[in-house]
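Taken in sequence, the protein lines are chains A and B. Taking our numbering as reference, the numbering of the first sequence is continuous, increasing by one, and the terminal residue is 517. Taking our numbering as reference, the numbering of the second sequence is continuous, increasing by one, and the terminal residue is 517.
None of these hints come from the bench; they were simulated from the model. Among the hints, erroneous ones may be present.
Pairs count within a copy or across copies, as identical chains cannot be separated in the list.
When the alpha-carbon atoms are kept at most 35 Å apart in a straight line, the in silico DSBU-like pairs for lysine-lysine are as follows [stated by the list, open to error]:
(1) Lys301 to Lys452
(2) Lys209 to Lys266
(3) Lys516 to Lys360
(4) Lys450 to Lys65
(5) Lys361 to Lys452
(6) Lys132 to Lys152
(7) Lys85 to Lys156
(8) Lys514 to Lys375
(9) Lys296 to Lys83
(10) Lys65 to Lys262
(11) Lys385 to Lys291
Number of protein chains: 2
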Amino acid sequence: MKYVIIGGDAAGMSAASAIKKKQPESKVIVMEKGTDVSYGACGMPYKLADTQSSMDELVVVSANTFINKRKIDLRLNNEVIDVDLKGKKVVCKGKGRGKYTESFDKLLIATGASPRRLTVNGAELDGVYYLGNMEDGRALSAQMDKLKGGIVTVVGSSLLGLEIMEALAARGFKVNVIERLQSPLPFLPESFGSRIMDKLSSKNVNTYFGAQLQEIRKTDNNLVVSLKQNQSKQVNLKSDFVVIVAGVEPASKIFLEAGLEAGPAGTIAVDEYLGTSNVDIFAAGDCADAIHGVSGKKVFHPLALRANRAGKFAAYNMMGNKKKVAPIMGTAGAKFFDLALAWTGLSRKSAEEAGFDPVIQEIETSSQAHYMRGAGKINYFLVADSKSKKVLGGGILGPYGTTARQVDTLAAALYHQATLEQCYEYDLLYSPPFGPVWNALHISSAILLKKIKI
Amino acid sequence: MKYVIIGGDAAGMSAASAIKKKQPESKVIVMEKGTDVSYGACGMPYKLADTQSSMDELVVVSANTFINKRKIDLRLNNEVIDVDLKGKKVVCKGKGRGKYTESFDKLLIATGASPRRLTVNGAELDGVYYLGNMEDGRALSAQMDKLKGGIVTVVGSSLLGLEIMEALAARGFKVNVIERLQSPLPFLPESFGSRIMDKLSSKNVNTYFGAQLQEIRKTDNNLVVSLKQNQSKQVNLKSDFVVIVAGVEPASKIFLEAGLEAGPAGTIAVDEYLGTSNVDIFAAGDCADAIHGVSGKKVFHPLALRANRAGKFAAYNMMGNKKKVAPIMGTAGAKFFDLALAWTGLSRKSAEEAGFDPVIQEIETSSQAHYMRGAGKINYFLVADSKSKKVLGGGILGPYGTTARQVDTLAAALYHQATLEQCYEYDLLYSPPFGPVWNALHISSAILLKKIKI
């Protein structure tokens, strides 16, 4: 069998390794358009924050290991520019090779996602950075090393945006943030958004929420970012450089154009076996659908665990060993400054859209027993369906440390379609340095049960 | 209705409050032999560590609130010394009241547990401390304040022992520990025990494991603790004071003598409704049985969440509203020095005893992604049944912070009787500051599945 895999990060290399492990005699070609494979892209903001370490530390397994030990025909700087579904071949452009075609028995598309580029004037100027692959990370890192201070404007306040703001602040930059929405991560309760904004302010980040980016202009010495906030007049922010973090898009264009069926938000449509609308073509990772375990809907879920898992399961299915990949619950999170934030499942709004009759409870609790010196405030929310009493989702925001991992309990509850009564009965850890006797999940389950009964 | 409750801590006060909430007209008498009610006993070691705070901060709800706001007839310094099952009354000894009897319609025994006293010579000398109730805590705290340094010998290396060692070390005492077993917490894998011992050594705690305490003698200036370790000759440890932490025993003696049925380890036998062998008498908390959700066996499980929960559910059942209390999963943990330790479910040994055919996997993983500067080693173990592939228990040991709360995921898995396949499919949080892409539960589930298949 001859397998061609497009993309050499989490999904692609997981798949390539899984195939060679089961079928050492098979030919496995991986086309990677960049210079890096199998790296922890999620770690880039943390490496930016740290002058003592380099992006190269993010590499999980080296290209050499894949080529020499795992016998994978890994081709760096080789980009697939077209695919011929009927002829079962891809058109490639390789460094030193020019344009060539490669046939396949089975194809895996694992091209990931790319930063969404803005179209306002100046969004592609020198000094405007996007953070997608390692080359982007190295470029931004070099810029930070060169300047060693100054003013930076970040456009966007997603999790990645928050992480980048922390990195910039840690390196002594003065940070502005422009966000078109009224608060960061608006699918979370307001209490979460306002606490995040308070944290940004306390770290001297100038926040412009509900602001429209107008343009970016070059002057002699720096850039000027213009924005309009609500109805007020234009604000101009002098910036030594700009980082745009406006979400990501599945890198699926040429495959959809070639005729593969599309999923939501521009993904390549796949089923639970990672199969596309073409029987010999599979797609896995950020470029392809994930199925949400709570709503049952296909979603765009560009996260690393899913990509690794999907790559592995795509490989099983490409080898003819039918295995369904687990649904995602939408678990995500980040640390920024001294706070940790995580959520899973559905927000109230997405629960309504999925046809549930949701109730939500927000509570405040403590990261340690109330009498412990290190105790900090935890914001918690829980969403449940008032008909079935099943838990639908929730999230947590509090001090870095004992907070974020509590979302895993909820992810397990979602997996098992737990009811509020069941969550209330969980025998969760109590010890003073880890929280109060009754966990946030217990408390909010009990309150929601009362709400539903009324 | 007239309710009498014996014991004014977690279980007793939870029950008293729950009854007055539903039946404000009922008479609720709480007999508390000590001077404190409703306090976080588990917090005592942490308060000992901290010169800036007092034991009184551990009080959750004050006696005044119970008496004046919740209209509970709370009697401090009133001890129940006998119970007449047929006559439905208790014999009490009250400060300023002498001996008197009190009748009841329904009785709740919530007397908790007491430190196990040793019987070796000198175990009750002045300068030998046990840590059970707040009076014990205040006495030990006063001693630490008075001496401000010196040598202390701790007898026993349970979780409480470890917490006390940390407190003593934090306050500048030189600490010895004597433990009759070869390692602390020997139901945990060896890798856990040896890491705990390494931590103690690194904190200059002199460890005497596999050691028999011989006696404690008083000299002019201090105490001398004699021990024999394995086959070697006697060691004498000069000690300014001694803390004995030799486990706890249910405070059930007079009730068992009066004829109530006994459970394991001297508890009062109760069913899922917290009812004892006498229809009008209930028991909840550390003095009574808990039912283990994995083994189905009655166990002695002296921990705070269970006590709070059992008190509340005992109240429901005493009021005639039949409600089963949730089983425990055996979840427990502690922080000591910079480490966190937690476990839940069954160890391999207890799984064998419960009739399972267990397999165990120990792994090492990381508290953050491998490339993060703050990453520390995590030890993890998972026990599963090789026939049903169900998870039976597990535990975690690693840096304080992101570690211990991971045991909650396992507690939820146990509640839902999850299989290894299901645990492998959980969509757990990945973000570099919280761990690697694949969680310890994923990795160990995958390895155990392979082990079982072979």
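Quick rundown of the hints versus the structure:
1. Lys301 to Lys452: For Lys301 and Lys452, neither the intra-copy (52 Å) nor the inter-copy (61 Å) Cα distance is at most 35 Å.
2. Lys209 to Lys266: Close inside one copy (23 Å), not across copies (43 Å); limit 35 Å.
3. Lys516 to Lys360: Both ways: Lys516 and Lys360 sit 29 Å apart in one copy and 33 Å across, limit 35 Å.
4. Lys450 to Lys65: neither (51 Å within a copy, 38 Å between copies)
5. Lys361 to Lys452: both (24 Å within a copy, 30 Å between copies)
6. Lys132 to Lys152: For Lys132 and Lys152, the Cα distance is within 35 Å only inside one copy (27 Å; across copies 79 Å).
7. Lys85 to Lys156: Close inside one copy (29 Å), not across copies (76 Å); limit 35 Å.
8. Lys514 to Lys375: between (43 Å within a copy, 19 Å between copies)
9. Lys296 to Lys83: neither (60 Å within a copy, 60 Å between copies)
10. Lys65 to Lys262: For Lys65 and Lys262, neither the intra-copy (52 Å) nor the inter-copy (53 Å) Cα distance is at most 35 Å.
11. Lys385 to Lys291: Neither, since 53 Å and 62 Å both go past 35 Å.
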